[in-house]
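**Student:** As they're listed, the protein sequences go chains A and B. Those letters in the first sequence? Residues 30 to 417, per my numbering, in order. Those letters in the second sequence? Residues 30 to 417, per my numbering, in order.
Treat the hints as calculated values from the structure; they're not laboratory data. One should not assume that every hint holds.
Each pair may be met inside one copy or between any two copies, as identical chains are not told apart.
What the hints assert, rightly or not - Computed list of lysine to aspartate or glutamate pairs in DMTMM-like fashion (alpha-carbon distance at most 25 angstroms, straight line): (1) Lys58 x Asp145; (2) Lys161 x Glu54; (3) Lys335 x Asp269; (4) Lys402 x Glu271; (5) Lys89 x Asp47; (6) Lys290 x Glu54; (7) Lys290 x Glu271; (8) Lys370 x Asp242; (9) Lys290 x Asp47; (10) Lys58 x Glu199; (11) Lys150 x Glu91; (12) Lys370 x Glu408; (13) Lys61 x Glu365.
Nothing here was measured: the structure is a model prediction, and the numbers come from that model.
For reference, the chains in residue letters:
2 protein chains.
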Amino acid sequence: MLGNFTYCNPTKLYFGKDALCGLNEELPKYGKRVLLVYGGGSIKKNGIYDKVVKILKDNKKEIYEDAGVMPNPTTEKLKEGIERARKAKADLILAVGGGSVCDYAKAVSVSVHCKDDAWDKYYIRFEEPSCKIIPVGCVLTMVGTGSEMNGGSVITNHEQKLKIGHVFGENVFPKFSCLNPEFTYTLPKYQMIAGIYDIMSHVLEQYFSGEDDNTSDYISEGLLRSLIHSANIAVENPTDYEARSNIMWTATWALNTLVAKGKATDWMVHMLGQSVGAHTDATHGMTLSAVSMPYYRFILPYGTAKFARFAVNVWGVKPDGKTEKKIAEEGLNEMEKWMKKIGLVMNITELGATADMLEGIVESTLIMDGGYKVLDKNEIREILKASY
Amino acid sequence: MLGNFTYCNPTKLYFGKDALCGLNEELPKYGKRVLLVYGGGSIKKNGIYDKVVKILKDNKKEIYEDAGVMPNPTTEKLKEGIERARKAKADLILAVGGGSVCDYAKAVSVSVHCKDDAWDKYYIRFEEPSCKIIPVGCVLTMVGTGSEMNGGSVITNHEQKLKIGHVFGENVFPKFSCLNPEFTYTLPKYQMIAGIYDIMSHVLEQYFSGEDDNTSDYISEGLLRSLIHSANIAVENPTDYEARSNIMWTATWALNTLVAKGKATDWMVHMLGQSVGAHTDATHGMTLSAVSMPYYRFILPYGTAKFARFAVNVWGVKPDGKTEKKIAEEGLNEMEKWMKKIGLVMNITELGATADMLEGIVESTLIMDGGYKVLDKNEIREILKASY
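Given the sequences, and given the hints that come with them, work out the whole structure.
**Tutor:** So this is what it looks like as structure tokens:
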């Protein structure tokens, strides 16, 4: 736990089969004008929309809608959402959906009263909001991003071929989130598995950084072991409540700032994956899985001790009589086997990346400096080539 | 993660060697009248008092003092503190000390504007505060109770021979806490080790409950492994910053409601220990260690699978070819060996409990129903006898 840090996470969580009842606790705290933000309409098919609208009406709220938030929300959609929120004079933005919907709601929340261009201010210049922020609440229907309890907000600019996440401070965190594991049952298996890897990647990208002795690493190992255990059950039986609830809870704690405390944090897998996403519009979690093995095998020599610890503590590799390098490699082999077993995409070709996109993806990949090796553009190219 | 629950922990933490700088962020949020609460004066010897007072004065605060909070704060002291806080018209209570000082500050905070008797209302009838609550901030100088980020407040009534903890809701949590691991260096080794076991007991009493599959258990195993690892270092070298900082952080997360989520939670070791404490005034953590082995060996048959998991995942017991019972027992044997090694008190005789106190301790022990076995008074007597 070297260094100084602060920790504050004020988001209130309502968890379980009755999580939506939390809305009755929270809605009275805000004005009557609610902007209801959601995606492609699956919440209308599975009944969640009706349940939420009923509670809003029971609480005498005026409902304004902003539907059609896409999986990788775009700058165009953001502009439209800002206009809608302004017209609605929203007192509260209620995001009903997965991480993209929550991310988007936060982007709108900091932009409604902002005079600058939101993309330039928050996603290019990484400035903090100085204007009034509209409070955001979430009803989660998909698991993975942790957006329900953090300040993360990823927006894609197709024109500039950039997919960039801003991690806002605690004043932008959702005020509350309702987490009902049953709401995630109807999600297609592909999306569920992608979410599972998104969670894993969040933990790994914080875990694989730093060389100090850190409690966060022990908590991370616990989260990883719980995730692997529950994922194995959920892949076989997606309506296993315990497994889905453990995955949901793990997702929240994988990226709500806790396991980053005292850590440098890496995020190169996300940078690689987001660049692939900006060029292919592929599912976020799958872009991460597709680049992970080439990336981790590349950086292993720079963090061998940690990869060996990972092998033993997370994957149960027996260390006896083996070199640290051998143990570390066996851990990654076990992880790769598991990834294939649960059905993750293991190359970017399958996600629509073509050879002629390579240079563009290299170009769009932001370089981070918190991991075991700061990559240069040539190394990024080699890793991406190995991901095809 | 069975069942419904809510999670909200709004305490802001400032962690690290510069943690006290957090006061400059926080103090401007409150009025000018600050009640400075502390214990026996060790903070005057080690310079922490002067540092805090300087920051208070720099922030133009009027300082009112309430010193002399004892290790197990009493109802008499609480009455005195309420009077002092009323006279001071305190806008903020700043607790500088260990868990007892923080616990006491919370007790004062909910009692200043309360017309009922605080002991009867909060510690006998377990009612929630309905009056205005004075905000509390903490500067931690001793690690163990987790009081810096929870609603826990333990008060001892010597007349009634009762030591009772009320776990208040999030409106009573400290608004902020400053955690500088270096502030714990001057603590006597006996107190440090007692604090380490207090942390361990907090995790164990949440872990050893329930039979469902729960992410909290995986996080708990991570916390336990981190604690054991860092405790071994700190016992050899109490000024190892990394070890002390990991212990401090683990203490906070061991009892800030996180690892209780989805769990029944037990707390019988605390009930036994607190009863011993009410009769002997012994150090809290040592009362827990002294009763733990007899208690855990008694309940092992009712939760064998969990004790076996504990043995393997926390103590590294090799399970191959052994019965579940054998694995479970080996885990407790390993734990006992470790407890003796770091210097914990293993019987209540050493804490001043005499044979004639037995019936009184049995009588004062509250019975909880969340663990693997609900004890009756005869079983409590047997466990206490085995603790002599």
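**Student:** Against this structure, judge whether each hint is valid.
**Tutor:** Hints versus structure:
1. Lys58 x Asp145: Classified as neither: same-chain Cα gap 29 angstroms, cross-chain 30 angstroms, threshold 25 angstroms.
2. Lys161 x Glu54: Answer is both: 24 angstroms inside a copy and 20 angstroms across each meet the 25 angstroms cutoff.
3. Lys335 x Asp269: between (33 angstroms within a copy, 21 angstroms between copies)
4. Lys402 x Glu271: between (38 angstroms within a copy, 24 angstroms between copies)
5. Lys89 x Asp47: Result: close within a single copy only, 21 angstroms intra versus 48 angstroms inter.
6. Lys290 x Glu54: between (31 angstroms within a copy, 20 angstroms between copies)
7. Lys290 x Glu271: between (28 angstroms within a copy, 13 angstroms between copies)
8. Lys370 x Asp242: Between. Shortest inter-copy distance 22 angstroms satisfies the 25 angstroms Cα cut-off; intra-copy 32 angstroms does not.
9. Lys290 x Asp47: between (31 angstroms within a copy, 15 angstroms between copies)
10. Lys58 x Glu199: both (19 angstroms within a copy, 17 angstroms between copies)
11. Lys150 x Glu91: For Lys150 and Glu91, neither the intra-copy (31 angstroms) nor the inter-copy (42 angstroms) Cα distance is at most 25 angstroms.
12. Lys370 x Glu408: This pair counts as neither: shortest intra-copy Cα distance 28 angstroms, inter-copy 49 angstroms.
13. Lys61 x Glu365: This pair counts as neither: shortest intra-copy Cα distance 50 angstroms, inter-copy 59 angstroms.
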